[in-house]
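Join these two chains into a complex; the hints should help.
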Amino acid sequence: MDFTTQLLIAAISAGTPLLLATLGGILNERAGIIQLGAEGLMLMGAVTTCIVYIRTGNLAVALLATVAVTAVLGLLHSFLCVTLRANQTMSGLAMTLFGSGLSAYLGKPISGIPLPGPSPKLHLGWLEPVPVIGNIFANMDYLTWFSLVLVLVLHLLIHRTSWGLHLRAVGDSPATADVMGIRVQLIRYSYVIAGAMLIGLAGADMVLAYAPTWNEGLTAGRGWIAVGLVIFARWNPLRALFCAYFFGALDSLGFRIQLLGSVVPSYFLKMIPYLVTILVLMYLGYRNRNKPSGTPEALGVPYIREQRF
Amino acid sequence: MKKRGQSFSLGLLLMLVLAVVLAGCGNNNAASTNATEAPATNAGTTGEAAATTEPAAEKPKVAFVYIGPPGDGGYTYQHDQGRLFMEKELGIKADFVENVPESADAERIITELAQSHDIVFTTSFGYMDFTLNVAGKFPNVKFLHASGYKTADNMGTYFGKNYQASYLSGIAAGKMTKNNQLGYVGAFPISEVIYNLNAFTLGAQSVNPDVKVDVVWTNTWYDPTTERQAAISLLDKGADVLMAYQDSPATLQAAAERGAFAGGNDSDMGKYAPDNYLTNPVWNWGPYYVKAVKSVMDGTWTNEQYSGDMADGMVELAPFGSKVPEDVKTLVEEAKAKIISGELDVFTGPITDNKDAVKVQEGQKLTLEEVLGMNWLVKGVVGTIPN
Chain V
1 MDFTTQLLIA
11 AISAGTPLLL
21 ATLGGILNER
31 AGIIQLGAEG
41 LMLMGAVTTC
51 IVYIRTGNLA
61 VALLATVAVT
71 AVLGLLHSFL
81 CVTLRANQTM
91 SGLAMTLFGS
101 GLSAYLGKPI
111 SGIPLPGPSP
121 KLHLGWLEPV
131 PVIGNIFANM
141 DYLTWFSLVL
151 VLVLHLLIHR
161 TSWGLHLRAV
171 GDSPATADVM
181 GIRVQLIRYS
191 YVIAGAMLIG
201 LAGADMVLAY
211 APTWNEGLTA
221 GRGWIAVGLV
231 IFARWNPLRA
241 LFCAYFFGAL
251 DSLGFRIQLL
261 GSVVPSYFLK
271 MIPYLVTILV
281 LMYLGYRNRN
291 KPSGTPEALG
301 VPYIREQRF
Chain F
1 MKKRGQSFSL
11 GLLLMLVLAV
21 VLAGCGNNNA
31 ASTNATEAPA
41 TNAGTTGEAA
51 ATTEPAAEKP
61 KVAFVYIGPP
71 GDGGYTYQHD
81 QGRLFMEKEL
91 GIKADFVENV
101 PESADAERII
111 TELAQSHDIV
121 FTTSFGYMDF
131 TLNVAGKFPN
141 VKFLHASGYK
151 TADNMGTYFG
161 KNYQASYLSG
171 IAAGKMTKNN
181 QLGYVGAFPI
191 SEVIYNLNAF
201 TLGAQSVNPD
211 VKVDVVWTNT
221 WYDPTTERQA
231 AISLLDKGAD
241 VLMAYQDSPA
251 TLQAAAERGA
261 FAGGNDSDMG
271 KYAPDNYLTN
281 PVWNWGPYYV
291 KAVKSVMDGT
301 WTNEQYSGDM
311 ADGMVELAPF
321 GSKVPEDVKT
331 LVEEAKAKII
341 SGELDVFTGP
351 ITDNKDAVKV
361 QEGQKLTLEE
371 VLGMNWLVKG
381 VVGTIPN
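Each protein sequence line maps, in turn, to chains V and F.
The opening residue of the first sequence carries number 1 in the working numbering; numbering runs sequentially from there.
The opening residue of the second sequence carries number 1 in the working numbering; numbering runs sequentially from there.
Isolated chain F (complex conformation) (with noise of 0.2 Å):
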């Protein structure tokens, strides 16, 4: 019987703990949103005080939404990189907040800065539909959402063709394979990673026709176990260049462990394992922030869904590693002018798919959106995507 009361009890305590938890972490969150909102508030209370004796320094509030920390090394230290270049460019002071979850809790964060801001950006896929909500509240507020598709009047959209670079660390692995065995650590089997997946393969393909890339779907973005065991089964397959659609450098670092060559994604990785790094797409989102706040600090902004690339600078190339060859720096460097200039684009017909369908006639072109809806793999792509 005592023994009974004592489960109980304890039953009742850890119900009672997790109530503390979960209630502590709505609180946290709402008072690190608060707390971000408080100096804007003050900005804003200053700037307007200024604004009376000089009517042009108005300057609006920006506020940025991140899904994860800015010291992840990878996609959100990119965008914050961007959030700091765009203060230093204009002289604002942005506010931002991380680590916001893609669920309800992104709607409530984003309504909260929407109160207090004039231009909101959302920097990931998942909070596509959250910031529509808000958007339909706060048709004073600007929305600008990165990686998705939809917009309204006051919300539009930017994201870059970082395929352009992927299809360029394409041309470096297919150079240095030996074996012409490629493997791909892709996170999800999602158009944004099966496009960089395709534009990979038909770069190594471009220089090496026999190319086969072997693809393992992680189904994170971020968590090194399991990215490593993901690269070691395809290292133990035979792959001897390796590229990683991931956060985490953990593919580079087993690649190096068995001599092997490796990438990455979303900034540069090339200090975890220099001697053997091959490159890798980066983000630089800096420009593109100055130029959206700009245009609504000079009444230009548009609804636009913008899209970055190579030329405008949005996507970059990560430099090489210590022991990738002149001859293929060259080569790359080559095909880089060429997309740059617009003579390359990357999906131009004829491109079959690994089933032998063909899928981009002779002489075609895909269209922006039809790379941004990709379902299907390229000719020599071994693996699947799953339903």
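Excised from the complex, chain V in its bound form (with noise of 0.2 Å):
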């Protein structure tokens, strides 16, 4: 395998959790809602995937379980931001903390236990001898092949269906979109737990692809990454997929310069990822500084019925 191909396969590996977290957060943002508590959440899914398969033993229910809990989180926070119309910073901020706080207690029993078995992989034998192709997608996971064809699914959904269009018309004036009969609080209650359960499976992807077992903090910030993916992608699932992968390259570029006996030093190559975040907005915000950024035009704003703006 060439340089490039494995640089492919490790951004893959890094990137799958950011993706999948970045994808749920563009859910909840086109919907209108600020998702700042990723973190919190790929935490919970974490130790709820964790929890559930080190005492069932069986992977689809902890995935299930994880699911079911990430989906009342986000309940809670849609419930707060949509029918409370409370500050979507401060609910997002106070999930992060809640999130972060009741996986360390919730995970205080099983850390350390090493879980029944990694993530299960997707054995392709017929595609293993094409070049590069074969050594990417033969021997991938089965969540990692879940996060690609939800990118798909997701880019035909919000451009190319009607949901999609309500869903949009939900995240940028809530009050033509009522107006037109579509029912605002309901989207937005489903597209924010839709998010808080892709969220959620990222948080049990780290755990069964990265280390098999809890530990408080596993996530180390991976939520707050995707948090800025969200706004990095302009809210555009497929765009999502490049930024994801592409700062998983990022991550594991840095040792490769290492280990190719490059007198930079490691402080420096950690930076990179952060850098050329840095450089690349940069670049985009000049070279679209006439265009509309993507933000969802009514993002952060509750919706109150015949309250004008």
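Check the hints yourself; a few may be wrong.
List time: in silico DSS-like cross-link candidates among lysine-lysine, alpha-carbon distance up to 27 Å [said to hold, decoys possible]:
hint	chain 1	residue 1	chain 2	residue 2
1	V	K121	F	K271
2	V	K270	F	K379
3	F	K237	F	K212
4	F	K137	V	K108
5	F	K336	F	K359
6	F	K212	F	K336
7	V	K270	F	K212
8	F	K178	F	K329
9	F	K355	V	K270
10	F	K175	V	K108
11	F	K338	F	K175
12	F	K137	F	K59
13	F	K237	V	K121
14	V	K108	F	K271
15	F	K336	V	K121
16	F	K291	F	K338
17	F	K237	V	K270
Please keep in mind that the hints were generated in silico from the structure rather than gathered at the bench.
So this is what it looks like as structure tokens:
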């Protein structure tokens, strides 16, 4: 395998949890609700997966439980933001603090206990002889495949279906959507819950694919990177795929440069992902300075029927 | 106009949240230390009550400051096991504060603990200066700091020669590799990691002179994502046995996926991938904690810089993985016996660094001080120490 293929494989491996969490964030924010709770939701997803997988030994049950728990947290976030019209930034930060604390508490009894098994892989023997493609796709795990399919599904959903049109309408102009007979509150609730579920799965992927055990603070800030990637991807699932893998590749590139015998200090190499992010944002900002940013117009604004803005 | 007003109020709210959050953090810490102190003062008063009838029964109040949670499965876990061992041996109930950052917060927490305890163990390198400051203010309290080098009249240090066990895991790795390429995932380019990496390399070279060790620095103690990426890049370069001076088993899992062998650090990680596990250094703090508290109780305590090793049991080697062959185990056991008897010293010359400068002359040995300040890599290590 050559350097590029190895880097691609590493990028996909490092990028998958980021991709799932970013897609979740996009669903949330397309509906007009800010999602700053990703770190907490990922931790809750990770701890739920560990607890249920260790207790039952059944991965499917563990993933279902993960989705259920994060759905409840998503319901809480949408109840606060949609029904109570609480400040969305505050609710999101609260979710992060709450998730970090609760996951640490719930995880204490199973901390350090190994999971029954790693993430199962989908072997595609017929694909193996194909160069590059075979190396990358013949042995990916199910969650990675799920995230790839999801990118396509969400892209089509948001941009090619009437459901997507409703979603975008709710995120851009809830008053207009309301007039058109779209149920704004219902749509916001559903997408915030769906988004939280995906972020929970991102946490599940981290324990299944990286370190097969629960430890407090396991995500180490990856949730916050996903919050940034939502903006970086300009609320678009296809761009999210690119951004997540790009960030994953940068994560891995530092070590590869160290191993090539570089004289650049490792401290500096560790800054690469963040430095490149700033540069790319500056470049995109400059190139798109006369275009809309892609931000849902009503992001962060609670909708109150008949209130004028 | 309306819009600007909104974003202004949003900003204001955000600041408010931050303020509340920060204030909350402060209060939480204070509350948690208070909570841990409360039982101590209770125990103290009952102890005093008992003392009036039976003077010999007075026991010191002991506190621990942890860098991580006891459930980290690694460094703090081993210290907590040591605390539990000491409690059982001496019948003392010790207090602990977990997740204490190596910042001014540490000094505040150590101060609070010093007010209500007789012995305070601070278990991470970064607490050194804070412990020293507090020790100056509480001359009647004994402070014991792990892994540091500063002492005071009432402050001693303790750590162990875990490089002895790293040397032994190096022997196993040197025998197990098929292509003579080993990989080392190092947390930070500091002397603690460097002397373990060097000992690992020397151990591997003692049974396999052609072996090369690639090293990558992650600049984190605990981050499974980063550790995994570091491990994969070493595997991609061709390494078939990895060792990680890190707190998570991420390297072991990455190696297991490729059918390679690996080891970790601090605790026995074999349970995560028994078939791909080699071995690694393990801490056993319990006997030392018993000894230290006892010496305070009988008045023989000194502010020594205690260095444990494989002979006194502070440093141990984890049980081998299931696929490590018998001849490799025998080889390691033989070297272990020599280390324990003092016949074998890991850093005995001739040793050259990876820039071909002679660092230890033939027949010479490094002193403990020289080992603890090591800032060069032995020949055979492929990598650099960033300045």
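Hint compliance check: list the failing hint numbers for this structure, sorted ascending. 4, 10, 15
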